[in-house]
Structures are given as structure tokens and as C-alpha cells.
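Enquirer: Here is how the chains run, residue by residue.
Number of protein chains: 2
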Amino acid sequence: MNAEIISIGTELLMGELVDTNSSFLASELAKIGVEVRWVTKVGDDPKLLREVIERAWKRSDITLTSGGLGPTSDDLTRESIAAAFGEEMAVQDDLLEHLKGLFVNRGFPMPETNIKQATLIPSAQTVPNDHGTAPGWWAEKDGHVIVAMPGPPREILPMWTSTIGPKIKARNPDVAIVTRNLKTFGISEGGLDEMLSPLFQSKNPYLGIYSKQDGIHLRAIATAPTDAEAWELIRPMETEIRRVIGEDVVWGTDDDTPESLAASLLQAKGFTLGIMESFTGGLLASNLADVEGSRHFLKGSAVVYRDDLLEGHGVDPKLIEEYGPINAHVAEDMARAARKLFDADVGLAITGLVADPTDASGPVGTSHIGFAIGDSVSSTSGHYPTSRLRLRSRASTHALLGLVRFLNGLPPQSLSMRR
Amino acid sequence: MNAEIISIGTELLMGELVDTNSSFLASELAKIGVEVRWVTKVGDDPKLLREVIERAWKRSDITLTSGGLGPTSDDLTRESIAAAFGEEMAVQDDLLEHLKGLFVNRGFPMPETNIKQATLIPSAQTVPNDHGTAPGWWAEKDGHVIVAMPGPPREILPMWTSTIGPKIKARNPDVAIVTRNLKTFGISEGGLDEMLSPLFQSKNPYLGIYSKQDGIHLRAIATAPTDAEAWELIRPMETEIRRVIGEDVVWGTDDDTPESLAASLLQAKGFTLGIMESFTGGLLASNLADVEGSRHFLKGSAVVYRDDLLEGHGVDPKLIEEYGPINAHVAEDMARAARKLFDADVGLAITGLVADPTDASGPVGTSHIGFAIGDSVSSTSGHYPTSRLRLRSRASTHALLGLVRFLNGLPPQSLSMRR
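Just so you know, the protein sequences line up as chains V and B, in that order.
Last residue of the first sequence: 419 in our numbering, with the numbers rising by one and none dropped.
Last residue of the second sequence: 419 in our numbering, with the numbers rising by one and none dropped.
Rather than coming from a laboratory, the hints here were simulated on the basis of the structure.
Please note that a few of the clues may not be correct.
Any copy will do: because identical chains look the same in the list, a pair fits if it lies in one copy or spans two.
With a straight-line Cα cutoff of 25 Å, these simulated DSS-like cross-link-like pairs (lysine-lysine) come out [unchecked claim]: (1) 203 to 116; (2) 47 to 203; (3) 318 to 167; (4) 269 to 167; (5) 141 to 100; (6) 169 to 31; (7) 167 to 31; (8) 141 to 167; (9) 141 to 116; (10) 340 to 318; (11) 169 to 58; (12) 58 to 47; (13) 169 to 141.
Bear in mind the structure is a predicted one, so any value in this text is a computation, not a measurement.
Using the sequences plus the hints, can you model the full thing?
Expert: Here it is as C-alpha cells:
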């Protein structure tokens, strides 16, 4: 079964909006074994829109559109499907009642223009929209389906999950797709590509490699008649990857994030955490604060952006004098001081230089990360030659993955990322 | 002049990669007055790719492709253009020498497969690529142009800026496009839409409204034969917008960000800043740290995530006892304490509750922001009913815009954003 995605709206063609709906739909379709062959963005031009929709309907088993279901004269998706099918739109009494009810709840009468959101053509049925006024359309003619969905992600996502996804899956029951994502840190994309080159030749499972904020991801996708058979294909590949690149390099799988791993481990051990950070400027604390339940383990972070203020936060001035502020000894002492300052079980600290051309006190992109628990301290260093904004993010990932290793009693990895 | 964009690569159809190139190219083309009429994503299938390229070449003045210029057998853009034009690819000696030189610099011999990156067809010339091995193609036949560019953003962006953009602009010299972006905070998207509804009818300048992390943006785009004439169209609209919604609501224009405004003002006044934050968990400091030169004014932030640690950071425990930790008096005292802790001229503080279902000590999404300079303190409050991750970002924006107003001697805005 193949599919085609059409994103509708002139704002997409102006580059004012990045079209995330089509990526979302494409990855969802891949999961249920539907091959996406075309993705098109088209503006609110009636002639072009009708042409694109008609071509899609004829050449694709399933066409998914997003956008153009609003009440204005620029919203032309329904009209274009009706024209392609050669059918007339008619107002449906029950839809109209429902729509008027939505406006009553909002406390004002329905504008006349919204009436077209209550129409159907004979070949279409509506798809409920719990998050907006525009219902979707499921239109089917000559064995080919067009599904029209609204544009806002907060409307299209639940509509896909509750109705459209299961309905399409039911038409394609004999294909199971399983995805396994291995997340790595410490070897560059080029290095992994070389080490795993035989595996990249495989078609099923298919192996992809992606450079992300938190390292390089290796994603295997297998297709089979059942989930169990798809997993049978994936497992040997995962074993082989782990053997070749080393267990140490794989820090997580699937939905794991550096924050979620560090948070789970701290909570499992019943530890609280105090942070002292200069390099990451608050990002390390902010990333952890975004994890649900973070209040239970995160006590705080001292973002100390001036070396002369480290002493006031409990760092030994003699160490700074002897080694300078960007140094493993200082990072370890900062971790110890963070524990004390926030009365926490574990201390985590990071010091280093970001790409600030006005600062000449050391190599840019180098950080030292310190860990402290009880009387035990440890540290690691990293060098991340990338842009200013990504530097902090790389360093935060490095610190959190280092913390996980430290708490598990493993030696931290020192990193010099090539990209 | 119209254009079409084709993004090439099976990974795009799997939803594994969000296609940012097409949005970038679309917004760049809009700036030079070229209308984008279609955007298509297509996989590495030779038949489909050729069909898509041939249709684009015939129907569009300019077709821009990204991706498919690599050395592997899946990289088929050159082959598809050659097939559409009915021409043969031939290796160019000078290109081959250059390519071999790139590999010499990298320290290993050129793999045989890369040879196709040194080919041309008679109707094409190369476009230099300073950031990769694949040169672009500028192919022109029957008055229609196809420009083939590499997929990686770090290659396509400089190639656009240095060569392709100016070359296309030169073919379309009599159109000037001017964009003016007014950034607002404090009125919901629906409210602005209603207040400005007559202006939204205008075609030139065209007015768009966009909900962003830092508030609602109003963007006017005017087209005219010259820049000066386009500005003549924009100015009265800007004046009218400011009159209708109020100068207070417009906090910035074009490339302004809350961080950049706060940073410029602090630097202009020669002030240093200390922060104390709970609600934003380090995000406020992190956002400011991302501004170049932040080391000159940002002294640090105390991210205090537990109320019982506020006292240790210099906040008066009697205030917390009397009012609770989430309160305007506490926010003001935190700002005063932040000034002192970091020995800074200005103190900024934020306290509040994020959407943590495990915490029941007050209304979720409410924050209090404190400002301190010398003996003067001030505060404001905000309520942002949105998702956990966006809450912090809204609050950081509110705090930074509040700081700008405070430093300018204006009363802070209390906010209750509807969305």
C-alpha cells in the first residue's frame, strides 16, 4: 500500500512555517507499513490545489492532506476534493447542529462563513475533531482514499491517533514494522559509518544513521508479517551493532534521553542533586528541570558566570590560582561545593569556555565536568568543536551521560567529538 | 517569476528528517520576489524522481532541488536531470582534478564511486561547494532553469548565499520585497486578529500573524519595483498597527529577541546582572548566556529548586513564612538577594509553579517576577496556561521583557496569556 501527503497553505510556500505535519504523518505511515511516495506542499490556489489533489487521488492508494479546512475563502481543500471527484458539497443538518453547539459553548454565534465546515460530498464521511471546529473528511472513490485533516498540529495529531491511523492500519493488516533506535555518544558519525558499513547494505532490517543533539542515533527498521517476526530480524542486528561499536558507546535506546536516564537513576537511588555550572549557563539545570518530577531530586544549580564569584560559592580559591578556572581539579571542587551549597547527595559541575571571541583564557569548546558523592570525586573532559548554541547542548549531554556512568560506578568517558 | 522546490531523499519520506531546506529556500525566494508554487519531497526512486524533475522543469521558471548529489547509487539527481533533458553525463577533467585534490587533503584516495561528482551535461555548469565534495549544477534548457544543490544544510546555505541567490535575483531585478516583523506580547492571537481585522484584508502589503515562543508576531510583506517603494507601502501599515494595539504591546521588531534587547540595554547602561530562578529552572540564565558577549554583564544565576534553600541564598524566611514561596514579595526579595549574591547592579528573579502534578502548593502556570536595582524593587506576575515545556519559555520571555521595561523606567506588564 502506498500513500501521498499534501500539505496545504500559502504560508508553507512562503517559508514562514516549517511543515512538521508531513514528517509526523510520514513517520506514522512508515510504522504501519505504508510506503510514502510523494509529499507535496501547495498554496491556496484553487487551480493548482485541485490539480495536485486529483493527481494524488489517481496515483496513490491513500492521500493525506493537512490544512485548508478553515472557514475562510482561502480554505479550499473540501472544494478541491469535491471538484476532483466530480461531486457536489451539501450541508449536513447534524454536522451543522454540532458546529453551532461548539460556538454556543464559546459564547458567540457561528459566523456565516463557518457553514462550509458542516458540508460533505456523497463519497465522504466525517472524521471527528475534538480540538477544533473543522471535522476531517474520509473520502473514498474508485478504491482510492483521500483523508483531509486540519492544519494545526494540536488538531491533526489526536485525529491521527484516535481515528485515521487505526483506520489505515486496518486496511493494511498483514504488515508489521518494528523500529529500534540505539543512541550513541563518543564516536563520530563517520566513524560509526565505517565500522558498521556491512550492516548499512542490509535492506530488511534497514539501518539508518542520524546526527542528533544528544549524539549519533542508529535506527534499524524491520518489516515482516507480524511484530514477532520483525523483532526476529532486528535482534541479531542490534547484537552485532553492540558487539562492533562496544556496549560502552550505546547509552540508551528508543525514547531514552540523557535527562530521563539521569533522573531515573537519581530517583531509583533516592539521591538529590546540586549543580554548579559556568559553561552551560543554566542549560544543564534547565534540561533536568524539564523532566517530570524533577522537584523530587533537583535541589538547584549555581550558574556562576564569573570566575571571581566561584570562591563565594564555596570553591577553593587556591585551586583556581594554581590551575586556572578551566580545569579538572576546579570542576571536581565545584561538584563538591555544589553538593554542599544545595545540601544534596550528589554534586555535578561543569566549567569551560564557549565560543566567545572576547574571551582569550583558553581553548574554545573545551569543558571539564566534575562529579561528587560522599567523599568521592571524579571528572572528565570534553571538546566539542561546533557552533556556540550547540556547544552548550553537547556539554549538557556529556555531563548527564557522565553522571549516569559515575552513579553506576563506571569510569567517565573523555570526549573529543569530531562533529 | 515562479519557482518550484524539490527535496530529494527516501529518509524525508520516512519522516526521519524534517525538511528544513525547503522552508529556507521558500523564505529566501519570497525575499527576492520569486513566487514558490510547488514544493515536493520525493524518494531515491529513479522513475519517480525523473518524473517529478521533468514535470517541474516544464511547468516552473526555476526548479531548485536539494539532495541526491552524493557518491552512492542512491544519489540520482544528476542522472534524473540528464534524463529529463535527454543529455549524457560526461566526466570533466578539471572537476575530477579538483575532487581528487579534496581527497588528498583529507589524507585518503578518492573512492571510485565519487567520480560522478565530477560530471556535467552540456546544458549545465557547476556551482562551487566550499563545504563538501559535491558541486551544485545550474542547468538551463528551453528558458527553464534547474538548480541542483546538496542536501546538508551546512552546504546548501552558503551555496545559496554566495552563488545561487544572487544569480536568481539577477534574473528578477525589477521586484523588491520588504518584510517588517512587529513582535508583541500581552494580547492573544485571537485578540490581535480581531483588533486588526481590516488590515488582514490587504493584499499588498500582506499581513500575517504567527504565534511564536516569544509572543505573537505580526509580519507585513510588501512588493514593489524598488525597496523604497515597498517601504512606502509598509510604513503606514506599521503606524496603524502600533496605533490600534498600542505601542506598549510591541516589544521589538525584525531580529530583536527578548535576550538581545535585555543584553543590549544592560550593556548600554554598563550594568551587571544576577538572577535567582525557581520556575524557569535555569532557562532564564541559559537564554541570556546564549547572547554573544554575555560574560560582560551576566554574573550568574542561582537556580533554587527547593523553597527551603531560598533562605541559604539570602531570601528573608519571614516573607516565605508569611506569604508562601510563590508571591510578589518573595520575588522582589529574591531579586534583591540575587543582586547581593552575585555582587551585581541589577537583580532579576522568578518564582512560580510549573505543571508538576505531584506538587499541590498553588495554581499551576503562575509566576511572580522580581526586579531590583539599588534600593528600588518592583514585580509583576504572569499566568501561562500552556504545556510544561512552553511554560518555562513563556516565563523567561516575560521576565526578560519585564526587565527591559523596568530598566527603562516603565511599569511592568502583568500577563495572563490566553494561549
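Enquirer: Hint by hint, say whether it matches the structure.
Expert: Quick rundown of the hints versus the structure:
| no. | hint | result |
| --- | --- | --- |
| 1 | 203 to 116 | between (46 Å within a copy, 24 Å between copies) |
| 2 | 47 to 203 | between (40 Å within a copy, 19 Å between copies) |
| 3 | 318 to 167 | neither (68 Å within a copy, 60 Å between copies) |
| 4 | 269 to 167 | neither (44 Å within a copy, 61 Å between copies) |
| 5 | 141 to 100 | neither (30 Å within a copy, 55 Å between copies) |
| 6 | 169 to 31 | within (9 Å within a copy, 42 Å between copies) |
| 7 | 167 to 31 | within (14 Å within a copy, 42 Å between copies) |
| 8 | 141 to 167 | within (16 Å within a copy, 46 Å between copies) |
| 9 | 141 to 116 | within (21 Å within a copy, 45 Å between copies) |
| 10 | 340 to 318 | both (18 Å within a copy, 24 Å between copies) |
| 11 | 169 to 58 | within (21 Å within a copy, 37 Å between copies) |
| 12 | 58 to 47 | both (17 Å within a copy, 17 Å between copies) |
| 13 | 169 to 141 | within (19 Å within a copy, 45 Å between copies) |
Hint violations for this structure: numbers 3, 4, 5, all remaining hints satisfied.
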